[in-house]
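Peer 1: Protein sequence lines, in the order shown, are assigned to chains A and B.
Heads up: take any position in the first sequence, counting from 1, add 8, and you land on this note's numbering.
Heads up: take any position in the second sequence, counting from 1, add 22, and you land on this note's numbering.
Rather than coming from a laboratory, the hints here were simulated on the basis of the structure.
Glycine residues also receive a C-beta, built at the ideal position from the N, C-alpha and C atoms.
Be aware that one or more of the hints could be misleading.
[What the hints assert, rightly or not] Among the chain B residues that face chain A by a calculated CB cut under 10 Å, a handful are:
| id | residue |
| --- | --- |
| 1 | Leu-50 |
| 2 | Ile-164 |
| 3 | Asn-187 |
| 4 | Ile-191 |
| 5 | Tyr-195 |
| 6 | Leu-274 |
| 7 | Ala-278 |
| 8 | Leu-305 |
| 9 | Val-327 |
[Said to hold, decoys possible] If you want the ones that stay clear, here's a sample from chain A, every Cβ over 12 Å from chain B, calculated:
| id | residue |
| --- | --- |
| 10 | Arg-27 |
| 11 | Ile-37 |
| 12 | Ser-50 |
| 13 | Ala-58 |
| 14 | Ser-115 |
| 15 | Gly-121 |
| 16 | Leu-142 |
| 17 | Thr-147 |
| 18 | Arg-191 |
| 19 | Leu-226 |
| 20 | Leu-248 |
| 21 | Ala-258 |
| 22 | Ser-277 |
[Claimed, not checked] Restraint ranges, calculated between C-beta atoms of paired labels, are given here:
| id | chain 1 | residue 1 | chain 2 | residue 2 | range |
| --- | --- | --- | --- | --- | --- |
| 23 | A | Arg-17 | B | Arg-28 | 43 to 53 Å |
| 24 | A | Ile-107 | B | Ser-108 | 35 to 45 Å |
| 25 | A | Tyr-186 | B | Ala-119 | 56 to 66 Å |
| 26 | B | Ser-206 | A | Ser-180 | 39 to 49 Å |
| 27 | B | Pro-343 | A | Gly-120 | 20 to 30 Å |
| 28 | B | Arg-258 | A | Ser-180 | 27 to 37 Å |
| 29 | B | Arg-28 | A | Leu-119 | 14 to 24 Å |
| 30 | A | Ala-126 | B | Gly-209 | 49 to 59 Å |
| 31 | B | Ile-208 | A | Gly-120 | 53 to 63 Å |
| 32 | A | Ala-189 | B | Leu-99 | 49 to 59 Å |
| 33 | A | Ala-189 | B | His-100 | 52 to 62 Å |
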Amino acid sequence: MTAVRALGRAARGTFAFLRRDKKAAAGAIVLFILLVITAFPSWFTPHDPAAEVYTPGAGLSWSHLLGTTSFGQDVFSQLMAGTRQSVLIALIVGFFSTILSVVVGISAAYLGGFIDDALSLFTDVVLVIPTFPLIIVITAYVKSATFWLMVGVLVATGWSYGARQLRVQALSLRNRDYLLAARARGESSWYVIAVELIPPMTSLIVANFLGAALYAVLAESALQFVGLGNINAESWGTMLYWAQNNEALATGLPLWALAPGVAIAVLGSALALLNYAFDEVSNPALRPVSGRSRRKVRS
Amino acid sequence: MRFLGRRLGFLLVALWAALTVNFFIPRLMPGNPAEAMMAKFHGHVNPAALHALEVAFGVNTHQSLISAYFSYIGNTLHGNLGISTSYFPLSVSSVIAKALPWSIGLVGVSTILGFIIGTVIGAVAAWRRGGILDSVLPPIFIVISAFPYFWVGLLSIWFFALTLNWFPILGAYTQTNTPTWSLSFIGDVLIHAVLPSFTILITSIGGWILTMRNNMITVVAEDYVKMARAKGLKPRRILWQYAGRNAMLPNLTGFAMSLGFVISGAILVEYVFNYPGLGFMLLQAVQNEDYPLMQSLFLLITVAVLLAIFVSDIVTAILDPRTRVRT
Chain A
9 MTAVRALGRA ARGTFAFLRR DKKAAAGAIV LFILLVITAF PSWFTPHDPA AEVYTPGAGL
69 SWSHLLGTTS FGQDVFSQLM AGTRQSVLIA LIVGFFSTIL SVVVGISAAY LGGFIDDALS
129 LFTDVVLVIP TFPLIIVITA YVKSATFWLM VGVLVATGWS YGARQLRVQA LSLRNRDYLL
189 AARARGESSW YVIAVELIPP MTSLIVANFL GAALYAVLAE SALQFVGLGN INAESWGTML
249 YWAQNNEALA TGLPLWALAP GVAIAVLGSA LALLNYAFDE VSNPALRPVS GRSRRKVRS
Chain B
23 MRFLGRRLGF LLVALWAALT VNFFIPRLMP GNPAEAMMAK FHGHVNPAAL HALEVAFGVN
83 THQSLISAYF SYIGNTLHGN LGISTSYFPL SVSSVIAKAL PWSIGLVGVS TILGFIIGTV
143 IGAVAAWRRG GILDSVLPPI FIVISAFPYF WVGLLSIWFF ALTLNWFPIL GAYTQTNTPT
203 WSLSFIGDVL IHAVLPSFTI LITSIGGWIL TMRNNMITVV AEDYVKMARA KGLKPRRILW
263 QYAGRNAMLP NLTGFAMSLG FVISGAILVE YVFNYPGLGF MLLQAVQNED YPLMQSLFLL
323 ITVAVLLAIF VSDIVTAILD PRTRVRT
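The following block holds chain A by itself, in its conformation from the complex:
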């Protein structure tokens, strides 16, 4: 019962938060629409996205909302069908990166000493090595990267920023009285970490999830765009790859190249706006000031 009630409270809290924060609300609505398309792509694809049977290079029309490619495929159907890969990459990579960040960041802060030094050094090294060239080198050897290989590579390169932030916040909480009290009660480390330490960090953890998801979307589309993913995949990056290789921009089919880019940008912006809103939750000083309270802040 308490779990149900807690869930209800969380849902109400989220709803109130979205009502207050327009940026977050815009991000949440866009994300919701994309999730619906991901779950039921067939509702939104009027034509078979792979079929090369329509007039090549057609402009806008009611039957082809965004025209066709120079192979004679329907751009709108490809766009809708491609939603799934980007959204799934965002969610899966975001999830696993966040878990890794939480485990590394919080163990470093909570255990301290040598373990903290070693984990922090490791985090910083992973953080500063430029990830995209590394991903390029790895996928170049594999030739055609599968979905799960991409997930693995993106998680391995995407967790470090979050781990660093979470460590800093966990360090600042570590010696608070309520944590000392829990330890004095004789609670186990696991209990202290899971029940006392992590809940106050929720907004930062969510912000990290969104940041990692955004990174994954951009990196995945870039890999597909340069042809290092699977060039037969249904994804926005792959659409851009074919559009670029067939000089869509120069041959008068700009929509073929612009539409998937807009789609990536829309998903990315939704994640970034939500991320920003959660930043404001964990750092109240960043919240927007209204005209009236402005003087108070400035003086």
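Chain B: place on chain A using the hints.
Peer 2: Just chain B now, kept in the frame of chain A:
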């Protein structure tokens, strides 16, 4: 000085990690794709160069992994990066030397410019909290920073080069020109650099604006800023000499930390614009299965980023006395 010592130690550890990753990646791949590449070389290359390649990729060597590892590190530290297969028989170092100045010119200048402009805008936005700059710019740049770099490049090619015909589409200079130090050639290079540089600027600037704004908001609330106001100092002076200077310090560290991301994006910008720098060359090497060139480029980009981080650490140490005293 202990601060710099620690940072130098970190630089060395990170360099070692990059070298190690570089050594093990080709060995961990299924079916060792390097072996096929090596087969093409036999009989074409002098034995010493061939041996260096064999060591680098772990082909045909009867060495143990450990001794191969050490001779690889030795080779790399001596600048012996092997031979490029796609620019055969040129050495990797001479191929890279041709691309390096273009990247430094384009990516280096645009990144630093983006950092400076972004920091200034961020400081002013936070200073006029709730003003137009503060309420309009952050959301705009949050959205822009979520755009894929390469797509912003495509968009600007389509709009400024193909539709408006203001700028050339591709390359670093008109192909019919021969590179000289003449005024007309320099002008040609500059006009070719406008669009790629604009792309890097517009996509990287948002991050600097947001972090600077957020730091500045915290600093403006500090007592010494209030004190400066109470003394009746000119607002401009408080903004730059008091608050801005301190808010910039974490931004410099942030600059170092997110440099890797910017460079990653710049690789794609070079690719989209066929700009003959390191990033474009890296993707070309991938397409031509030129593994020695590809791995050396990865290493070089990493070294460049790590050195830039170290430089920003030195600058931080000079600007911020606290880093010199503490730890």
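Peer 1: Would you pick out the hints that fail for this structure and give their numbers low to high?
Peer 2: Of the numbered hints given earlier, those the structure breaks are 3, 5, 6, 16, 17, 19, 20, 21, 22, 26, listed in rising order.
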